[in-house]
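Put together the whole structure using the sequences plus the hints.
There are 4 protein chains.
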Amino acid sequence: MSNPIRVGLVGCGYWGPNLARNLHQIPQTELAACCDPDPRALGKMRMLYPHAITTPEHRDLFTDPDIEAVVIATPARTHYALAREALEAGKHVLVEKPLAMGSRQAEALIALADERRRVLMVGHIFEYHPAVRKIKSLIDEGELGQVYYIYSTRVNLGRVQSDINALWSIAPHDISILIYLLGTMPQSVSARGGTFLNGVVEDVVFLVLSFPGGMLGHVHASWLDPSKVRRMTVVGSRRMAVYDDVADEGKIKIYDKGVYRKGEDIYGEFQYRVHSGDIAIPRLDMAEPLRIECVHFAECVRQGRRPQTDGANGLRVVRVLEAAQASLEQGGTTVSLTV
Amino acid sequence: MSNPIRVGLVGCGYWGPNLARNLHQIPQTELAACCDPDPRALGKMRMLYPHAITTPEHRDLFTDPDIEAVVIATPARTHYALAREALEAGKHVLVEKPLAMGSRQAEALIALADERRRVLMVGHIFEYHPAVRKIKSLIDEGELGQVYYIYSTRVNLGRVQSDINALWSIAPHDISILIYLLGTMPQSVSARGGTFLNGVVEDVVFLVLSFPGGMLGHVHASWLDPSKVRRMTVVGSRRMAVYDDVADEGKIKIYDKGVYRKGEDIYGEFQYRVHSGDIAIPRLDMAEPLRIECVHFAECVRQGRRPQTDGANGLRVVRVLEAAQASLEQGGTTVSLTV
Amino acid sequence: MSNPIRVGLVGCGYWGPNLARNLHQIPQTELAACCDPDPRALGKMRMLYPHAITTPEHRDLFTDPDIEAVVIATPARTHYALAREALEAGKHVLVEKPLAMGSRQAEALIALADERRRVLMVGHIFEYHPAVRKIKSLIDEGELGQVYYIYSTRVNLGRVQSDINALWSIAPHDISILIYLLGTMPQSVSARGGTFLNGVVEDVVFLVLSFPGGMLGHVHASWLDPSKVRRMTVVGSRRMAVYDDVADEGKIKIYDKGVYRKGEDIYGEFQYRVHSGDIAIPRLDMAEPLRIECVHFAECVRQGRRPQTDGANGLRVVRVLEAAQASLEQGGTTVSLTV
Amino acid sequence: MSNPIRVGLVGCGYWGPNLARNLHQIPQTELAACCDPDPRALGKMRMLYPHAITTPEHRDLFTDPDIEAVVIATPARTHYALAREALEAGKHVLVEKPLAMGSRQAEALIALADERRRVLMVGHIFEYHPAVRKIKSLIDEGELGQVYYIYSTRVNLGRVQSDINALWSIAPHDISILIYLLGTMPQSVSARGGTFLNGVVEDVVFLVLSFPGGMLGHVHASWLDPSKVRRMTVVGSRRMAVYDDVADEGKIKIYDKGVYRKGEDIYGEFQYRVHSGDIAIPRLDMAEPLRIECVHFAECVRQGRRPQTDGANGLRVVRVLEAAQASLEQGGTTVSLTV
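Protein chains in written order, with the numbering used here: chain C, 1 to 339; chain H, 1 to 339; chain X, 1 to 339; chain Z, 1 to 339.
Note that these hints are calculated values from the structure, not bench results.
Please note: incorrect hints may appear among the correct ones.
Claimed, not checked - Footprint (simulated), chain H over chain C, 3 or more residues, beta carbon under 8 Å:
(1) 26 to 39
(2) 286 to 300
Claimed, not checked - Calculated lysine to any residue pairs in the SDA-like style (CA-CA distance at most 20 Å, straight line):
(3) Z:44 / C:26
(4) Z:44 / C:51
(5) C:134 / C:238
(6) Z:134 / H:146
(7) H:44 / X:47
(8) Z:228 / X:47
Being a predicted model, the structure only gives us computed values, none of them experimental.
Positions of the beta carbon are idealized from the N, C-alpha and C atoms, including for glycine.
As structure tokens, then:
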């Protein structure tokens, strides 16, 4: 095996420590440096990883010739500027979601990465989750039949933010999963929400996404909820599947359930037969998704490959977020995404 | 106690047998007659209640002078005509939800009942449910603080209908509960859905209701879902409550959870403190809601009282349904309800 | 179809009303008469089944020539005397569990039924439960491999009794299921318990049953528990199964789990490989077990067949109960059942 | 704060890595050295903690004058010899449960630690668990009334062992908790089990413990079970509590449930009233129990204090295990523990 990639981590607050742990543990990378303006966050990193350089200045990382790659886990509004600066410094970049706060910025990052021949990857972690990948394969192999609709609930109490709303903070996960599972962009999106805490940013957001062929997506994202729920239901014509990320015993349930048309009755109305059969809980190889993501980043850097969640992938999510934000601001009107 | 009220039941299909059982069991009523065009449904009634008259003709009930009151549990599209005919025949009427398929019809029924001095009641059963009433008292007593939003999921596999959509078939329950809990009509409503099975009626519907003061309601209703879910979450500023109608151990959970503003940080941004405390599962006196509803109907008939879910109550729900239907047909635009 | 069998029910307290409902609803029987010394219990029966004769005197039923069969749902200590009297009066008899409070009495009833050529059946309802039958077929078809052990928890709060203990009141269900599933009598049994409430009868009982071939059974029965649990786990060499009677979604889970010997390590110690695969929740046709039981009784009466839970079946359970009672009284010593 | 205590860890297999992580993370200790005969286990430690010495020879640690304390997480049969050697070398010792495989050995360790004035602590981790401590305070403050009985289920699939049985491997946790909660030793114990996998060591064990005053304990321990269950139920005269270590939402549920004597009925039999009230899920400060344990060990070393789970505590558990083992070998006879 080649030498581990020396990685610098920018942002050691909420999510950064998880990245640090994985970058330290996998053999493909070495956690070479950590950066955060908060001395307490930095102190924790120094204690856990005494070998790593710690600095409050991200430029110290970007100018360090021994650091090949940078992982950015800072507040969303700083993603674009930091990623641009890192790419300009010649670093490979893994940036947390969302890639940027606008599609223009996302496009600029893509162009820059292409120009500099550097890896640009977005941390859409659920595309690396064994459960999501299993659902993807069930759909692709036709196990669920034609997909009718998918709805997702991602709510919790906490991580209240005052600079970005629940749409930009939480829903990128669901949008990323929906595009991945259905293999296509939505044609339009509408969004409604409530700004209960500070009257400015939405704490709760409901999204409706229209996909080609009549497929529907619905997302409920909130940081103002009594329970932690991370559940996604895929309703297909043949079978239905539920992916519950906090389930004790098997994160995926496949229901052999469907509704079939029996033909018309004497009045010409359609009659339906409901079929309700077995439930299967497939075994999943439960590697930690973040570990899979970090290994994938390292392999793309080492082999010059394009990541699954590359800049274009991140741009697609940003475009949906932009359209949803526009809908939110217009009181829920449907915003088209067709180019 | 006065003599039991002799009641005739029209419609012995899906829900009718539950009404029959309660009308037979409570001392305030006597199940005097059953009517259904389907001989098999009628045969079952005859076997269970050999004392009751059975007939395929509802007019036999309406013209029977010994029958004081009529309960209508037929397909929704027939509610108006049957209720009108029963009122015109001088009967007190309990009609299943929705009261009618339009507000004009609902208004006509209200006027007719007033004119004939007969009880007109709608079967909005959840207003008689001990769990919903408990939530109502928690809200009214300020236990939850200011209500921010309520969301409801009422999904299942089955009861696929081809003449009315999931909005008119399922969502009346949630709309009735929301108006009851919040004590006010919504100001506007928007709806999106999918017509997956027959391309005509929505199998799945998502509603957003805007209430005065910024309160939000969200309803997800579907007959095309792998699991039976009947869950409603009330998020208040002080506490949060979940009412799960299929929970094993206590249908209501009260979470001593909230988010409080700590003041601004040095950059002028709001800081929040998340409080996560005990959970309480209050004991409920679990009488069957349908029994409570039937007893209430009998008492209103006997005492000339106005039911909690009277015609005006039923009309309010129909008006929201109409607005939501209009939104559905317009692709989800927000439809105002302020008159 | 032949005429329904006219059945008299003795005992309309706790369980009797469920029997009454089923005897009334199935076409094979007619609930002809109800008997209970408590006028309130009798009044409820009269209201629900106005056609049925009601009487406080069981002899009225036994001497009624129009009554062919008698169902006995009285306190356990009266089962023997009432069943004997009914058989002597020429009635077919379905008696609730346990068949009697001792094996001598059970044997006497069997002999009497044989002599009078009457059906004697015990209400070991779980042998008619689709979930238990499914587990039985999984075992018989080798799906679980060799059965190692089965443990059962049947606890709840309530039905506190002061004349019989939890062993005789609750555990007959589990003993009946264990003998049915394993197809053999236990060789020995030991029992421990606690007499917390009145110092005389056990509120809580733990049983260990040794079956041929080293198979083990364990039963925990109690009426002094915070939660209603009715769960049985079957651990086999190839797969494991859990039957949870209060589960929402599928009462049976089959775990493709097992432990296999890998061979000896260098020190001569056995090494094991744990296999943890998919989980399957098979669909069950969920007819009400009590309805299946009542239909079976009626068919045995009409066709002169021997019921699955005949007198001999009831005797086996009584013999285990007797041995367990002896163990309880001796402080938990193992009591042999081999004759 | 004084300098961190330099700790050497012996045993880096199953549980050792968790100890290593905590010893590394808490400021009171420094993970100075790791020892394991398996080079792969040692390699992992070296990667995660590059500052720590790694060696396959425990004597390297015991003879290192810079190491003040030793943590022993090796197979149970080696606990005694290693702990003795460490104490003789003048080290403070934290040894995993069980303290030793016999009470003589445990007594010898206690004497040696006293003689050398060194801390001897056993890793009975659940005495440091916030949920167990909460239950303890509920009992001590009389919230549950008089404790009738406690039963515990600790089962899982995996960690199959061939040198010690499930009694010695799993049940020490439950025995430790029971003695802690009830504040007294059991007077006698009986045990039954099954040796399904290798015919020698019990994979499944059922224990019954008799405590003073008629209190009963029951333990079900197994490594041959389809589900991971770690549940303990405390039934008191006033309230009941369930501690479920794998529960999503609150590990403790307190049931306001009880059974009260109403007086005698006309036949002189006791009548009972079942009270079933609210359920409370108290909030727990969920620090990691192992972290609390490690901090406690460090504080005892630094301050010369006696740990909560000192040698005497460990000896009590070993004495119960010895008695249970004797009962197992005698087919389940009750073995007295009175000295």
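Violated hints, by number in ascending order, as checked against the structure
Of the numbered hints, 1, 2, 6, 8 do not hold.
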